[in-house]
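A.B. asks: Given the coordinates of chain A, assemble chain B onto it according to the supplied hints.
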Amino acid sequence: MLKEYMTEVKRHFFNSADSLEITTDIENRIAEMFTDILARENRQAIIDQDVQAVTAQMGSVKDFEYAEDEGTATFAQEPAYNMGTNTRRLFRDPDDHLIGGVCAGIANYFDVKPVWVRLLFAMAFLGAGAGFFVYVLLWIIVPKAISRADKMAMKGEPLDLQGFKRNFEAELNMVGGRLADIHHEARPLIYKTRDFVGDFFHHLRVFLSGAGKIIIKLLGLAIILACVAGIIALIVTLVGTMAFGTNNFSLPDNFFNYPYINQVRVAVGILVLIPLTVIIVVISSAIFNTTGINRSAGFTLLIIWISALAMVAYHASQALAEFRDSAGFTQTINLKATPNQTYYLELNDVMFLTPQDSARLDIKNKFKDLILTDKDEDDFTPRSVRINIEKSDVPYPVLVEEFTARGRTYEQALNHARNTRYILTQQDSVLKFDTKLRRLQAGQWHNEEVKLTLRIPLKATVMVNDKVNEYISNYLDVGACFPRHRDHSRTEMAPFIMTTEGLQCKLDSAVTAVPNEDNNKDNNTNETATTVDTVSTMTKVDTVYIDSTITKAAPAKKTVIIRRLHKK
Amino acid sequence: MIVENTQTQMRKGILEYCILCVIAKGEIYASDIIAELKKAQLLVVEGTLYPLLTRLKNNGLLSYNWVESTSGPPRKYYMLSADGRQVLEQLDKTWQELAFAVQTSIEGRK
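Chains as they are written, first to last, in the numbering used here: chain A, 1 to 568; chain B, 1001 to 1110.
Looking at chain A on its own, in the form it has when it is part of the complex:
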């Protein structure tokens, strides 16, 4: 009872900036009076009658309102007389609110149904969010209707409808409301902000328990749908990769060559599937009140998930361990010197096939006299070839090949490096560079790389086009090396000459004859394999690690499949 009384008192003085001080005074006084009573009547407990007596002495809130306007009576009283009935004031409506009561307040002010105002605000909110700012602004500015008088002023209700006696008491009440407004308006912004924050969280709670519930449910439903879609996509991917292998998917070769790839796939599937399922079950149990996961099932799922995680981690570390050590070796190949000391550098776009592949495709019969060209775009074989062009000390060109690879141990790394080969084909003055490093046996890539150093004799001419230039590590300015800087195609060749400082554009040093393009073309279209002189890196290496038949088969295979499918 006392609590009720104090709440009422506090609410009454809430509008006042001194509310704390006043209510504290009153509380102290009440405590004192109780102590007096106890001391006087020699009792230990306060009874209801005491409380009634004390509150009666203190006076009710109505009495406070009566007293409160005494100080301002002189000016407040006057309008109170002709303050008729239907004058409305803009308040926030605390009784009929969805969020902050702003809409309801506006509706009250204009005497329309709140739903229309809310609709208007909702539309304004959708339109660039302007409604939101207006709403928050109004929330802060417009005072909340706290007292009964506020609410009456808000609704413009005639005073006698409210059960007030139609006399000065009611009018004073009205004045009290006005006075409260004066307090409101005089209140500094900081108080308003404080009220706003308090209000905000209060209303947020109410909102979440009402309209918010629906929004949250919709959100949960969306999450569930997303999870289901994720699960379906995952299953399709896993089944797809298992059924069709690697060919249909643009994933790195290495990934699918891993020996335990299927176990890893399953583990990854479990790793993703379990959380998605749990999310679905938990959310649906929260929204639709279905039964969630029981303890033992959840525990089992957790254990499965953790083991899947451990498995993935193990295989990941195993895969990484394959790259622990590095090894490499170098070999030098002497190329034939041409009489005019001119070398055309080209890229070899002939597809390389392993013996297994060529057997599978039945190259000998099906593709007889055809050349399989290499498609660069969708091939994930590492681009591991770099060409460096230097000056040669001997009167013929020399190719130095430096192979490197990584492996679990040095021995394995060396093994991996040995498992590769690089093919440079010399057709008279044309040097055809493979764009890729070849492997003799299928398996995972271990960062196999080859660094080529082409040593060109002094004063020899090197013809380079843009395509080859991409692979040359000491990049040449091909574009600037055409007469009059004309436009050129990517396959057109520019002449460079070897000087003591390296390659230089031949146009800069001396005007020379146009390079022998006809000869070049002839060579390209020449089908005769007899002129092809394949220089294999493997020929000099002992073949401890490599099946000798492969070493022999590969160059032979080249002669079978060399032929152009199309020319650019």
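Some clues are possibly wrong.
As the list claims (entries may be wrong) - Taking beta-carbon pairs under 8 Å as the criterion, some of the chain A residues facing chain B (in silico):
#, residue
1, Asp-25
2, Arg-29
3, Ala-53
4, Gln-57
5, Met-58
6, Gly-59
Unchecked claim - Straight-line C-alpha distance at most 25 Å; calculated DSS-like pairs for lysine-lysine:
#, chain 1, residue 1, chain 2, residue 2
7, A, Lys-467, A, Lys-336
8, A, Lys-113, A, Lys-151
9, A, Lys-10, B, Lys-1012
10, B, Lys-1057, A, Lys-10
11, B, Lys-1012, B, Lys-1038
12, A, Lys-506, A, Lys-459
If you are wondering where the hints come from, they were derived from the structure by calculation, not from laboratory data. Yeah, the Cβ is synthetic: ideal placement off N, Cα and C, and Gly gets one too.
C.D. replies: Structure of chain B alone, referenced to chain A:
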């Protein structure tokens, strides 16, 4: 109706003045102020006094001391400030004038 209204107006008009007068007698506790006012038949309930006191204090007319109480929490003892005293003097004068005015008005009657 009108009668009550006017009565209230009159009472209210002088309440503040009376409070200041009571406090001007010396440091005084709120409930004692109430007692005085009740004796003068001006005020009925205590609760109405506190907002008034706070407002007067905020206007700088009053100040107060905390005094330890033998029973219960410490009490606020109010007294007039210098400003309060000035205001009271002005109000005194005004009251004299009012009293004169009323007296004069009444005398003409009967």
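A.B. asks: What are the numbers of the hints that this structure violates, sorted from low to high?
C.D. replies: 3
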